[in-house]
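Student: Numbering follows the numbering used here, with no gaps: position 444 of the sequence shown is 517.
Treat the hints with care, since some could be wrong.
As the list claims (entries may be wrong) - Dumping the calculated DSS-like pairs for lysine-lysine here, alpha-carbon to alpha-carbon at most 25 Å:
(1) Lys263 - Lys826
(2) Lys569 - Lys479
(3) Lys516 - Lys459
(4) Lys516 - Lys483
(5) Lys482 - Lys516
Honestly, the hints are just simulated from the structure, not real lab data.
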Amino acid sequence: MMKKLLYIFFMTCLGFGCEDQFLEERAVTVLNGNYYKTAEGLRSLVNGSYQVFRFKPDYLPGLNLFGVANDCEVFLHNNNDRIALGTYTSGAWGGASSSWTTMRGMVEQILGEESGGVTEGMYPVINRCNTFLDNYEMGSDELREQVKDALGEILFIRAYSYYLLTNVLGDVPLILTSPKEYTTVFDFPKAPLEEIYQVMITDLRTAVEVLPEEATQLGRVSKPAAAHLLAKLYLHRAQAADWANAEEHLAMLYKGKVATDLDSAIYYSSMVIDQKSGETAFGGLAPNFADLWQVAPNDPNNLSQNYARDLVSEVILSSQYEGSGNFNGRYGGSTLIHFYNQDYTVLNCGLDRANMTYPRPYRAAGPNDWAYDMFTDKANDSRFAKTYLTEYASNNGSFARNSDVKWDKKSAYYYNNYLKDRYTERYEGADVVAGESKIEFEKRCLVFIENSKDEPLDSLWVASQPYLLLARWVAGSPDGEGYYDYDGDGNIIGLKPGVTVDPDNPVVADVSNREVRYRIIPESGPSIGRYGCDAESSSSLAYLSPAKWIDRNRGQAVNDRGQGAIDIPVIRLAETYLIRAEALGRRDGPAAAISDLNVIRQRAAYHVGENRSDIIAAMEPGVLTGRYSIPADEQEAPYTVNQDSYDEIMITGEEWGTGTKAQRENYPPTASTEMERFIHFIYNEKAREFIFEQMITEDLHNAGILYDRVYYRDYFGAPIASQGTSTHPFPVDVVDQGGVVGAIGTGRGQLQKFHTFKPWPISFLNLLTDSNGAPLDQQALDAYQNPGY
Numbered sequence: 074m075m076k077k078l079l080y081i082f083f084m085t086c087l088g089f090g091c092e093d094q095f096l097e098e099r100a101v102t103v104l105n106g107n108y109y110k111t112a113e114g115l116r117s118l119v120n121g122s123y124q125v126f127r128f129k130p131d132y133l134p135g136l137n138l139f140g141v142a143n144d145c146e147v148f149l150h151n152n153n154d155r156i157a158l159g160t161y162t163s164g165a166w167g168g169a170s171s172s173w174t175t176m177r178g179m180v181e182q183i184l185g186e187e188s189g190g191v192t193e194g195m196y197p198v199i200n201r202c203n204t205f206l207d208n209y210e211m212g213s214d215e216l217r218e219q220v221k222d223a224l225g226e227i228l229f230i231r232a233y234s235y236y237l238l239t240n241v242l243g244d245v246p247l248i249l250t251s252p253k254e255y256t257t258v259f260d261f262p263k264a265p266l267e268e269i270y271q272v273m274i275t276d277l278r279t280a281v282e283v284l285p286e287e288a289t290q291l292g293r294v295s296k297p298a299a300a301h302l303l304a305k306l307y308l309h310r311a312q313a314a315d316w317a318n319a320e321e322h323l324a325m326l327y328k329g330k331v332a333t334d335l336d337s338a339i340y341y342s343s344m345v346i347d348q349k350s351g352e353t354a355f356g357g358l359a360p361n362f363a364d365l366w367q368v369a370p371n372d373p374n375n376l377s378q379n380y381a382r383d384l385v386s387e388v389i390l391s392s393q394y395e396g397s398g399n400f401n402g403r404y405g406g407s408t409l410i411h412f413y414n415q416d417y418t419v420l421n422c423g424l425d426r427a428n429m430t431y432p433r434p435y436r437a438a439g440p441n442d443w444a445y446d447m448f449t450d451k452a453n454d455s456r457f458a459k460t461y462l463t464e465y466a467s468n469n470g471s472f473a474r475n476s477d478v479k480w481d482k483k484s485a486y487y488y489n490n491y492l493k494d495r496y497t498e499r500y501e502g503a504d505v506v507a508g509e510s511k512i513e514f515e516k517r518c519l520v521f522i523e524n525s526k527d528e529p530l531d532s533l534w535v536a537s538q539p540y541l542l543l544a545r546w547v548a549g550s551p552d553g554e555g556y557y558d559y560d561g562d563g564n565i566i567g568l569k570p571g572v573t574v575d576p577d578n579p580v581v582a583d584v585s586n587r588e589v590r591y592r593i594i595p596e597s598g599p600s601i602g603r604y605g606c607d608a609e610s611s612s613s614l615a616y617l618s619p620a621k622w623i624d625r626n627r628g629q630a631v632n633d634r635g636q637g638a639i640d641i642p643v644i645r646l647a648e649t650y651l652i653r654a655e656a657l658g659r660r661d662g663p664a665a666a667i668s669d670l671n672v673i674r675q676r677a678a679y680h681v682g683e684n685r686s687d688i689i690a691a692m693e694p695g696v697l698t699g700r701y702s703i704p705a706d707e708q709e710a711p712y713t714v715n716q717d718s719y720d721e722i723m724i725t726g727e728e729w730g731t732g733t734k735a736q737r738e739n740y741p742p743t744a745s746t747e748m749e750r751f752i753h754f755i756y757n758e759k760a761r762e763f764i765f766e767q768m769i770t771e772d773l774h775n776a777g778i779l780y781d782r783v784y785y786r787d788y789f790g791a792p793i794a795s796q797g798t799s800t801h802p803f804p805v806d807v808v809d810q811g812g813v814v815g816a817i818g819t820g821r822g823q824l825q826k827f828h829t830f831k832p833w834p835i836s837f838l839n840l841l842t843d844s845n846g847a848p849l850d851q852q853a854l855d856a857y858q859n860p861g862y
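Please model the complete structure; the sequences and the hints are all you need to start from.
Tutor: Here is the structure:
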């Protein structure tokens with residue numbers, strides 16, 4: 074494939090026709106230069122170029138480049154390439170790797186390849202855009218008038234393509250005209266980001282002027298989409314404006330210095346907000362965060378429908394997919410819906426993957442500890458419960474009866490004597506018996522609780538729930554001597570004198586005589602030992618999956634391994650508010666951002682009439698200890714919200730101060746000023762809102778804080794010198810686990826600052842020539858490659 078890589082700059086563009094669905098591919102009998110000088114040909118270039126919005130969610134290149142390797146989304150420790158990528162080893166991150174699934178292969182794909190009879194990547198799309206623009210400029214007045222509406226679309230698409238490329242590689246070749254003839258001279262010098270940003274901004278300013286305020290079709294680019302991306306580019310240029318002479322990884326982000334950039338970011342983001350804010354009572358945002366992630370029922374007979382989630386007005390632009398798979402491109406749909414999913418099958422807890430109820434167990438990437446802890450009030454910020462799948466119900470009767478989650482005599486005794494009355498719907502009210510399965514068909518079978526080390530749950534209480542409960546931190550028995558006294562025959566006769574396990578509040582406040590363990594499986598559970606993204610290879614499989622991408626009509630609604638049918642948001646109005654908030658805060662001081670931030674928080678709150686899960690209202694340690702405040706009547710079944718929780722999560726400015734609220738934000742020690750903490754807060758909030766939506770890596774990169782945040786928050790990737798922060802140290806499990814490389818209190822990776830950019834593939838560099846067609850010498854190759862590689 075690589076030998077064709079450079080030909081992408083000269084490839085004949087593919088033709089796509091537009092019928093009922095504008096991404097429907099239609100064969101064109103004769104494709105030559107003259108065809109692309111007609112209105113039909115120009116529109117086919119536009120329609121074919123929309124494939125660029127599928128690059129991120131389609132398959133591994135987009136997923137690995139944009140959806141992982143940041144401070145909260147990490148590669149799983151269960152595959153050699155993923156382990157190497159997640160620990161930033163030179164083999165996986167270098168440009169000469171022989172494995173397609175390392176960074177070398179991912180970068181090849183974003184540059185562009187011909188594979189499977191299809192061109193993919195950014196430069197083939199850019200080539201289509203350039204062909205359109207060249208022919209548009211040379212066309213008659215009549216032709217230009219016929220396709221004037223398409224001009225804004227093609228300019229947006231070219232800018233977006235360069236945006237993705239620069240987010241990965243920094244300086245890249247800037248190609249603004251279509252090839253006129255085949256050549257063997259592959260002289261493609263890199264243009265500086267400053268020049269590329271000038272072109273992107275110019276393109277988008279024109280796009281804003283000519284695009285309609287409302288998209289003409291679902292998934293079409295509109296004026297708000299162009300204004301949003303334009304505001305983001307102005308913000309990025311302002312972020313790096315003082316880094317021309319900074320240390321290398323920051324200087325490489327320099328995009329020019331224009332005094333009015335923050336004003337422009339505010340102007341264009343306000344253009345979007347002013348148009349959209351009146352659409353709902355929450356400033357144009359969907360009233361309920363869960364509205365964005367509604368799960369459509371499994372329906373094999375109606376696969377071409379637009380789902381309710383696809384039509385939420387907060388979504389300004391989305392990549393388009395549909396259930397039949399006929400118009401979804403090479404991969405047949407989105408792989409993003411699988412990428413972050415845990416493998417619940419290894420838990421053998423009554424869940425059948427062939428049933429379409431839950432996501433495919435894909436186990437490629439997932440959230441680390443900070444991805445949970447960044448929700449600083451899980452009881453009142455509804456986004457935590459609406460982002461993660463915290464509980465599952467058994468969907469297969471045979472699997473339930475034969476599960477590995479069984480009662481033993483210790484858990485059965487505690488359940489029968491202390492918990493049974495709380496679970497009247499389980500086991501028809503009967504006592505449970507050691508050796509029997511805990512799992513009942515269509516009843517809760519798996520629950521996750523992400524608690525902190527200073528709020529561990531009692532291990533006996535955890536093990537005695539009538540399902541598999543996985544709690545991050547558990548406290549063992551007092552002095553490690555067990556909980557029970559036994560008679561001469563080994564029968565339990567009761568708890569030891571002085572031992573109490575409060576069924577109403579199992580949080581252990583005094584752990585001075587207890588072992589506090591990290592991510593262990595209860596004794597009565599499956600035999601994988603530990604769980605979590607960064608356990609050893611055999612157990613780095615079970616963790617919290619996203620609730621955002623549940624798609625019960627994947628694989629034509631019958632194949633659980635099939636690709637996604639739901640549309641994937643590219644731009645949401647919530648991000649527009651965060652762009653304006655950051656720009657206002659940088660220009661006028663952090664207090665100026667509070668109003669926009671609270672638009673996000675007002676929607677994030679639980680609203681009157683909603684129901685919290687009992688996992689949040691009655692089992693969450695932060696609620697049980699009073700650290701999270703919810704009214705007493707809302708802690709009783711059915712856990713209905715009677716008072717909006719916004720007051721509990723409203724932004725006041727204390728969040729970027731030095732007090733308790735700021736400490737919960739886990740700022741790196743390098744964020745020593747109020748402004749630096751404010752900037753980190755913006756990206757904490759962005760992660761709370763947008764985790765699993767493939768923008769965190771590139772946004773932290775452009776803000777110049779990606780390295781610091783991975784260094785202090787991802788102990789899988791951070792070097793051994795890092796121990797986390799003072800408020801959120803890396804976890805330590807007190808028990809030697811015999812080779813498990815998990816919770817050792819220090820980083821386990823090889824992260825360096827140059828990893829904030831990706832490498833140029835060596836195979837690509839070796840095909841470059843100088844202006845005379847001669848291969849580049851070693852000095853020129855080294856100069857082209859990004860530093861550190």
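Student: Can you give the numbers of the hints that this structure goes against, from lowest to highest?
Tutor: none
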